[in-house]
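K.L.:
Sequence:
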Amino acid sequence: MIDYTIIGVSQLSEMQQAAYEAWQRSNSDLVLLSPTGSGKTLAYLLPLLESLDCTSDKVQAVVIVPSRELAAQTVEVVKSLKTKVRSLACYGGRPTMQEHRQMESVHPHLVISTPGRLVDHLEKQNFEVGDVRTLVIDEFDKCLELGFHDEMKQALFCLPQVQRRILLSATETDQIPRFVNLSQAVRLDYQQSVPQNESKQERVSLKVVNSPIKDKLDTLLDLLRSLGEVQSIVFLNYREAVERVYQFLHKNGVACEQFHGGMEQDRRERALFKFSNGSSNVLVSTDLGSRGLDMPDTDVIIHYHLPLNEQAFIHRNGRTARWLATGRAFMILNEEERLPDYVGEAPTFYLPKQLPPVSQPKMATIYIGKGKKDKLSKMDIMGFLCKIGGLERSQVGRIDVQDHCSYAAVSLPEIKSVLRRVEGQKIKGIKTIFREAK
Numbered sequence: 001m002i003d004y005t006i007i008g009v010s011q012l013s014e015m016q017q018a019a020y021e022a023w024q025r026s027n028s029d030l031v032l033l034s035p036t037g038s039g040k041t042l043a044y045l046l047p048l049l050e051s052l053d054c055t056s057d058k059v060q061a062v063v064i065v066p067s068r069e070l071a072a073q074t075v076e077v078v079k080s081l082k083t084k085v086r087s088l089a090c091y092g093g094r095p096t097m098q099e100h101r102q103m104e105s106v107h108p109h110l111v112i113s114t115p116g117r118l119v120d121h122l123e124k125q126n127f128e129v130g131d132v133r134t135l136v137i138d139e140f141d142k143c144l145e146l147g148f149h150d151e152m153k154q155a156l157f158c159l160p161q162v163q164r165r166i167l168l169s170a171t172e173t174d175q176i177p178r179f180v181n182l183s184q185a186v187r188l189d190y191q192q193s194v195p196q197n198e199s200k201q202e203r204v205s206l207k208v209v210n211s212p213i214k215d216k217l218d219t220l221l222d223l224l225r226s227l228g229e230v231q232s233i234v235f236l237n238y239r240e241a242v243e244r245v246y247q248f249l250h251k252n253g254v255a256c257e258q259f260h261g262g263m264e265q266d267r268r269e270r271a272l273f274k275f276s277n278g279s280s281n282v283l284v285s286t287d288l289g290s291r292g293l294d295m296p297d298t299d300v301i302i303h304y305h306l307p308l309n310e311q312a313f314i315h316r317n318g319r320t321a322r323w324l325a326t327g328r329a330f331m332i333l334n335e336e337e338r339l340p341d342y343v344g345e346a347p348t349f350y351l352p353k354q355l356p357p358v359s360q361p362k363m364a365t366i367y368i369g370k371g372k373k374d375k376l377s378k379m380d381i382m383g384f385l386c387k388i389g390g391l392e393r394s395q396v397g398r399i400d401v402q403d404h405c406s407y408a409a410v411s412l413p414e415i416k417s418v419l420r421r422v423e424g425q426k427i428k429g430i431k432t433i434f435r436e437a438k
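Here our numbering is used: the first residue of the sequence shown is 1, the next is one more, and so on.
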């Protein structure tokens with residue numbers, strides 16, 4: 001088995017071990033149901049990567065995912081496992097031709113793609129499909145919920161040699177469409193897989209915050225002030241509402257980012273980096289941010305808008321209660337709103353009369369105009385910031401290296417002095433841009 005301990009996993013969970021064994025012991029398809037944050041990505045990647053022939057230059061497996069972020073993160077997991085498998089993420093927001101050139105250069109064994117972009121590549125015959133024997137659909141229910149039924153149907157039509165399928169979901173799915181063509185599937189259901197002495201209520205503490213008026217903006221701001229130095233995601237149902245709330249919070253001094261499907265890809269990535277590395281305390285998001293994102297340190301979920309259904313409620317809360325972790329969730333209700341039946345009852349959280357000032361983050365993010373394509377690594381950036389930037393290692397936080405740029409979190413009080421020191425300097429012999437990421 002692939003050495004998964006190199007990514008910080010000491011041992012496989014019961015679900016991951018069961019998925020691995022089910023795949024190894026039969027030739028059947030696999031349907032895996034398990035909670036958000038329980039490690040489904042690793043559960044399917046371990047047996048899948050072992051099944052690929054790394055001596056070949058052909059694409060042998062395709063993974064369909066509902067979002068760009070999940071595609072990119074899955075490729076990062078593949079790379080972190082240090083196998084010889086070559087993978088490539090494909091998604092909208094950048095030219096298809098650019099990805100085609102990458103395919104011709106990388107010769108991936110594994111393609112991880114959003115549905116629409118996958119169909120685009122398949123219809124243009126940008127890679128050979130004759131050796132694609134395995135298909136994975138991650139967040140299958142989310143793909144259908146987002147309206148990718150026709151794209152997935154077309155993609156499977158263009159992959160006639162697929163012999164095995166893996167479908168993954170965090171919630172129970174309705175009848176699986178016939179175009180998936182499941183054959184004697186093994187079904188593993190770990191939706192309720194938590195220790196018997198630990199209830200969901202104990203993992204996620206849910207409270208109601210009452211807004212005295214229909215517009216909840218002031219109540220949200222007061223709630224954030226009362227929470228202090230925590231990482232919070234505020235969920236809304238519409239892009240326009242996300243932008244409105246973001247502008248209000250930003251105007252009132254809250255270090256926040258916005259995240260929704262209408263944003264350009266680089267802005268979405270930058271928002272996630274800044275939230276994940278502690279440069280922003282608050283992420284204002286549609287339900288696009290409720291699944292497939294690696295944000296393990298989220299402390300609080302705030303439902304500004306009531307979730308559209310129970311599944312949305314579960315996935316939103318799953319951002320804080322990552323597997324066996326604990327977290328808090330708040331539902332802001334105005335006088336016209338009531339808790340949905342699937343929530344039941346929840347105690348009221350009373351905002352204190354005396355509120356502290358808006359909490360500021362401890363970190364800031366530096367944008368570096370070079371990345372993996374320039375042979376830049378996390379260690380290169382760490383060494384540069386310490387040697388040239390004058391920082392201690394403890395003053396450097398998370399570092400994210402992308403293909404053509406990088407982001408590094410540094411202590412907020414040091415950001416200006418660091419930028420002065422590195423201005424005009426070369427990193428790994430390369431001159432580039434250093435600036436604070438806005």
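Think of the hints as simulated: they come from the structure by calculation, not from any bench. Be a bit skeptical, because a hint or two may be false.
Claimed, not checked - Below, in silico cross-link-like pairs of lysine-lysine (BS3-like), each with a Cα-Cα straight-line distance of 30 Å or less:
(1) LYS207 / LYS378
(2) LYS438 / LYS372
(3) LYS378 / LYS362
(4) LYS378 / LYS428
(5) LYS207 / LYS58
(6) LYS251 / LYS372
(7) LYS82 / LYS375
(8) LYS416 / LYS82
(9) LYS58 / LYS416
(10) LYS58 / LYS431
This one's a predicted model, so the numbers in the text were calculated from it and none came from an experiment.
K.L.:
Now tell me if each hint is right for this structure.
P.N.:
Status of each hint after checking the structure:
With a CA separation close to 40 Å, the supplied pair LYS207 and LYS378 exceeds the 30 Å bound. For the given pair, LYS438 sits about 22 Å from LYS372 by alpha-carbon distance, which is consistent with the 30 Å threshold. Proposed proximity of LYS378 and LYS362 is supported: the alpha carbons are some 21 Å apart, at most 30 Å. Our distance criterion of 30 Å between C-alpha atoms is met by LYS378 and LYS428, whose separation comes to about 12 Å.
Between the alpha carbons of LYS207 and LYS58 the distance comes to roughly 52 Å, so the proposed pair goes past 30 Å and is violated. In summary, the hint linking LYS251 to LYS372 is not supported, as the alpha carbons are separated by about 36 Å, beyond the 30 Å threshold. With a CA separation close to 17 Å, the supplied pair LYS82 and LYS375 stays within the 30 Å bound. For the hint linking LYS416 to LYS82, the alpha-carbon distance of about 37 Å lies beyond 30 Å, and the restraint is violated.
The suggested pairing of LYS58 with LYS416 is violated, with an alpha-carbon distance near 48 Å, which exceeds 30 Å. Restraint check: the Cα-Cα separation between LYS58 and LYS431 comes to about 37 Å, which exceeds 30 Å; the hinted pair is violated.
Violated hints, in rising order: 1, 5, 6, 8, 9 and 10; the structure is consistent with all others.
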